[in-house]
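There are 2 protein chains.
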Amino acid sequence: MARIATLIADMFEDCEYTEPAASFREHGHDVVHVGLQAGLQVWGQQDHTPVMIDLSTASADPADFDALFIPGGYSPDKLRTDAAAVRLVRSFMEEGKPVFVICRGPQLLITACVLAGRKVTGWKSIIQDIANAGGIYTDREVVVDGNLISSRNPGDLQAFNYACLEMLS
Amino acid sequence: MARIATLIADMFEDCEYTEPAASFREHGHDVVHVGLQAGLQVWGQQDHTPVMIDLSTASADPADFDALFIPGGYSPDKLRTDAAAVRLVRSFMEEGKPVFVICRGPQLLITACVLAGRKVTGWKSIIQDIANAGGIYTDREVVVDGNLISSRNPGDLQAFNYACLEMLS
Chain A
9 MARIATLIAD
19 MFEDCEYTEP
29 AASFREHGHD
39 VVHVGLQAGL
49 QVWGQQDHTP
59 VMIDLSTASA
69 DPADFDALFI
79 PGGYSPDKLR
89 TDAAAVRLVR
99 SFMEEGKPVF
109 VICRGPQLLI
119 TACVLAGRKV
129 TGWKSIIQDI
139 ANAGGIYTDR
149 EVVVDGNLIS
159 SRNPGDLQAF
169 NYACLEMLS
Chain B
9 MARIATLIAD
19 MFEDCEYTEP
29 AASFREHGHD
39 VVHVGLQAGL
49 QVWGQQDHTP
59 VMIDLSTASA
69 DPADFDALFI
79 PGGYSPDKLR
89 TDAAAVRLVR
99 SFMEEGKPVF
109 VICRGPQLLI
119 TACVLAGRKV
129 TGWKSIIQDI
139 ANAGGIYTDR
149 EVVVDGNLIS
159 SRNPGDLQAF
169 NYACLEMLS
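As given, the protein sequences belong to chains A and B, one line each in that order.
The numbers in the first sequence follow my numbering, run straight up by one, and end at 177.
The numbers in the second sequence follow my numbering, run straight up by one, and end at 177.
Any given hint might turn out to be false.
Note that the list lumps identical chains together, so a pair holds whenever it fits in one copy or between two copies.
[As the list claims (entries may be wrong)] Simulated crosslink set (DSS-like; lysine-lysine; CA at most 30 angstroms straight-line):
1. LYS105 / LYS132
2. LYS127 / LYS86
3. LYS105 / LYS86
4. LYS127 / LYS105
5. LYS86 / LYS132
The set of hints was computed from the structure by calculation and includes no laboratory data.
Construct the complete structure from the given sequences, taking the supplied hints into account.
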């Protein structure tokens with residue numbers, strides 16, 4: 009069973025966290041919340057879902073995890089200014105471990121400079137940012153490129169969850 | 009006196025709208041709110057400042073305005089998915105009319121593909137996006153490059169307002 013680092017901060021899109029996390033746990037995987045400060049509660053932007061941060065980005069060791077999951081909303085915008093969060097993302101991508109991003113999740117891949125030549129999708133507001141980072145944007149519900157799985161929005165969650173579970177199995 | 013198109017949507021950073029707008033009006037300039045839908049009320053993300061949209065992006069004619077002002081917060085993220093908003097921004101930049109952006113305002117310049125070779129600053133989360141768009145990011149309270157004035161955050165407002173008024177005088 010996989011141990012999944014879930015990189016999350018305030019203003020995450022609730023269902024883009026709750027639905028994949030429930031699906032991961034249902035299949036026996038372990039969801040660990042990694043954020044700006046351990047012990048801090050963060051909140052979803054629509055339904056105010058509370059999430060307790062288990063581990064700070066600075067103290068999270070990529071070697072302790074099998075996969076990385078980045079929910080969307082404005083949470084990625086808050087995390088990309090944190091150097092430790094960016095290092096963590098870069099490490100998972102460089103080691104080729106599974107990385108699951110949805111909505112504005114690719115913003116963290118852009119700041120980590122790991123999108124060049126990679127096929128990826130995401131929320132429509134960041135399409136130009138993805139292209140400028142060298143990513144190959146595709147308007148599909150789920151895009152799988154090697155270790156990287158991406159989706160656009162809550163409407164894609166079923167396909168996203170299925171693809172993520174497939175990669176972990 | 010100048011007629012200033014203020015491009016604004018929900019979740020703008022309150023003071024990044026209220027302080028420049030007050031300063032513009034105090035000096036006799038006209039502040040017109042351009043947004044996704046005329047007659048719609050939009051709200052600031054901190055203090056819930058209400059702003060009534062005067063004109064939709066689709067019906068705003070750049071020829072009717074002397075300058076463009078884009079407050080920050082998450083408002084620019086919401087506006088950059090609107091083709092008419094992006095066209096409006098591109099038009100002001102191509103005509104060399106004054107363009108004032110703060111915080112995440114440069115996101116609209118990125119989607120409009122008008123940042124290449126331009127000196128600009130902005131909120132720290134979008135530094136990599138600015139660089140990938142060919143912009144020359146500078147970490148200063150206010151950056152003036154031709155018709156384009158930019159600042160980083162609320163702490164820069166005094167310098168931002170001063171530079172904008174100077175350009176309009």
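Outcome of the hint check:
1. LYS105 / LYS132: both (26 angstroms within a copy, 28 angstroms between copies)
2. LYS127 / LYS86: both (24 angstroms within a copy, 24 angstroms between copies)
3. LYS105 / LYS86: within (23 angstroms within a copy, 32 angstroms between copies)
4. LYS127 / LYS105: within (16 angstroms within a copy, 37 angstroms between copies)
5. LYS86 / LYS132: For LYS86 and LYS132, both the intra-copy (18 angstroms) and inter-copy (10 angstroms) Cα distances are at most 30 angstroms.
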